[in-house]
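Undergrad: Here is how the chains run, residue by residue.
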Amino acid sequence: MEKTLPKIEIIEKYCKGCHICVEFCPKDVLEMKGFYASVKNLEACIKCMQCELRCPDFAIKVITE
Amino acid sequence: MAFDYDKWIRPGKLPHIWCPGCGHGIVMKGLIRAMETLKLKKEETAVVSGIGCASRLPGYIDCCTLHTAHGRAAAFATGVKMAKPEMNVILVGGDGDGTAIGGNHFIHACRRNIDMTYIIMNNYIYGMTGGQFSPCTPTGHKASTTPYGNPDPGFDIAKLAIGAGATFVARGTAFHANQIDKLIVEAIQHKGFSVVEILDDCPTTYGRRNKYKSVIEMMNRLKEVAVPVKAAEKMTAEQLQGKVLTGVLYRDDTKPEYTAEYAKVIERASAAK
Chain S
1 MEKTLPKIEI IEKYCKGCHI CVEFCPKDVL EMKGFYASVK NLEACIKCMQ CELRCPDFAI
61 KVITE
Chain L
66 MAFDYDKWIR PGKLPHIWCP GCGHGIVMKG LIRAMETLKL KKEETAVVSG IGCASRLPGY
126 IDCCTLHTAH GRAAAFATGV KMAKPEMNVI LVGGDGDGTA IGGNHFIHAC RRNIDMTYII
186 MNNYIYGMTG GQFSPCTPTG HKASTTPYGN PDPGFDIAKL AIGAGATFVA RGTAFHANQI
246 DKLIVEAIQH KGFSVVEILD DCPTTYGRRN KYKSVIEMMN RLKEVAVPVK AAEKMTAEQL
306 QGKVLTGVLY RDDTKPEYTA EYAKVIERAS AAK
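Chains as they are written, first to last, in this note's numbering: chain S, 1 to 65; chain L, 66 to 338.
No lab work stands behind these hints: they were computed from the structure. Among the hints, a few may not be true.
What the hints assert, rightly or not - Taking lysine-lysine pairs in the DSS-like style, the calculated list, with each CA pair at most 30 angstroms apart, reads:
1) S/K47 <-> L/K288
2) L/K224 <-> S/K7
3) S/K33 <-> L/K78
4) L/K78 <-> S/K13
5) L/K295 <-> L/K247
6) L/K308 <-> S/K33
7) S/K47 <-> L/K295
8) S/K13 <-> L/K278
9) L/K276 <-> S/K33
10) S/K27 <-> S/K47
11) L/K149 <-> S/K27
12) S/K27 <-> L/K276
13) L/K72 <-> L/K149
14) S/K13 <-> L/K72
15) S/K3 <-> S/K27
16) L/K224 <-> L/K207
17) L/K149 <-> L/K329
18) S/K7 <-> L/K104
Unchecked claim - Reference listing, derived: stretches of chain S covered by chain L, where coverage requires no fewer than 3 residues with Cβ under 8 angstroms from a Cβ of chain L:
19) 19–27
20) 30–43
Predicted model, so just to flag it, every value in this text is computed and none were measured. Where a beta carbon is used, it is the ideal one built from N, C-alpha and C, also for glycine.
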């Protein structure tokens with residue numbers, strides 16, 4: 001089965017740069033780019049939604065089909 | 066599919082005022098997921114709070130909300146519930162608001178067993194007012210008013226609630242985000258006074274004074290200290306030293322609920338005329 005990749009949307013207007021999503025991503029998908037979180041390696045994403053769940057600022061959306 | 070939080074948030078209110086890494090946002094997301102799971106109607110749900118960082122929460126949620134005097138969330142919420150017993154009344158607040166200034170309201174709401182859900186975000190400190198120690202600050206920890214260490218032992222909110230007569234008591238942490246909405250769902254479904262204590266982090270006024278280098282360190286601490294109730298049954302007292310139990314800690318479905326009992330009083334009084 002072909003792996004479908006999700007779309008990770010980061011709303012920079014809401015992001016406060018707390019690092020929670022980057023640190024607790026089990027697959028190291030995210031990184032800090034300057035002040036905000038950004039996607040580093042989307043291929044590795046397993047859609048566990050941990051970043052979306054733990055983002056205190058409503059700044060991450062993991063959109064899966 | 067990404068969860069649609071926007072449905073429950075007042076338009077234009079985000080970004081919220083909480084500091085970077087503050088767990089209150091995680092708890093708010095948990096509350097929104099719980100309300101969505103239960104398919105609560107906005108016009109039949111009231112979120113009531115007192116004063117404090119955590120008490121800013123109702124300002125963001127799009128349903129009936131009430132932001133009241135410091136510590137008086139339980140008193141105002143009791144009024145709402147008595148006037149409209151069909152409302153789902155949810156109280157939110159911090160540890161200082163709930164157990165110090167509102168300590169009396171809290172224990173008496175527990176004693177009455179009125180059908181409300183109280184979510185206490187315990188970050189061990191008064192964040193908004195400048196980091197004074199709260200009744201939940203652990204012994205020896207530093208706050209702006211205890212720079213050489215807090216001499217007082219801290220409150221155990223869950224034990225206090227059980228002792229005061231609450232019929233559903235649960236505890237979660239901001240790290241275990243997945244569990245928060247499940248606990249809140251159970252608490253709202255329970256007929257009677259439910260207390261959900263969420264252990265939280267305050268990186269700005271508590272973390273910095275207590276040698277936590279980052280938000281991540283505080284989150285990892287929550288991860289380490291939390292032990293689920295079931296896992297704790299198999300552990301020795303020694304292993305449980307310094308740990309905090311999480312999950313549903315107490316449940317009693319037999320105690321009569323206050324608004325139902327009060328309706329009977331009204332009936333008896335009307336019949337006596």
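Undergrad: State for each hint whether it applies.
TA: Hints, one by one, checked against the model:
| no. | hint | verdict |
| --- | --- | --- |
| 1 | S/K47 <-> L/K288 | 21 angstroms, holds |
| 2 | L/K224 <-> S/K7 | 44 angstroms, violated |
| 3 | S/K33 <-> L/K78 | 25 angstroms, holds |
| 4 | L/K78 <-> S/K13 | 12 angstroms, holds |
| 5 | L/K295 <-> L/K247 | 16 angstroms, holds |
| 6 | L/K308 <-> S/K33 | 36 angstroms, violated |
| 7 | S/K47 <-> L/K295 | 28 angstroms, holds |
| 8 | S/K13 <-> L/K278 | 26 angstroms, holds |
| 9 | L/K276 <-> S/K33 | 26 angstroms, holds |
| 10 | S/K27 <-> S/K47 | 10 angstroms, holds |
| 11 | L/K149 <-> S/K27 | 49 angstroms, violated |
| 12 | S/K27 <-> L/K276 | 29 angstroms, holds |
| 13 | L/K72 <-> L/K149 | 24 angstroms, holds |
| 14 | S/K13 <-> L/K72 | 19 angstroms, holds |
| 15 | S/K3 <-> S/K27 | 15 angstroms, holds |
| 16 | L/K224 <-> L/K207 | 24 angstroms, holds |
| 17 | L/K149 <-> L/K329 | 16 angstroms, holds |
| 18 | S/K7 <-> L/K104 | 27 angstroms, holds |
| 19 | 19–27 | holds (count 4) |
| 20 | 30–43 | violated (count 0) |
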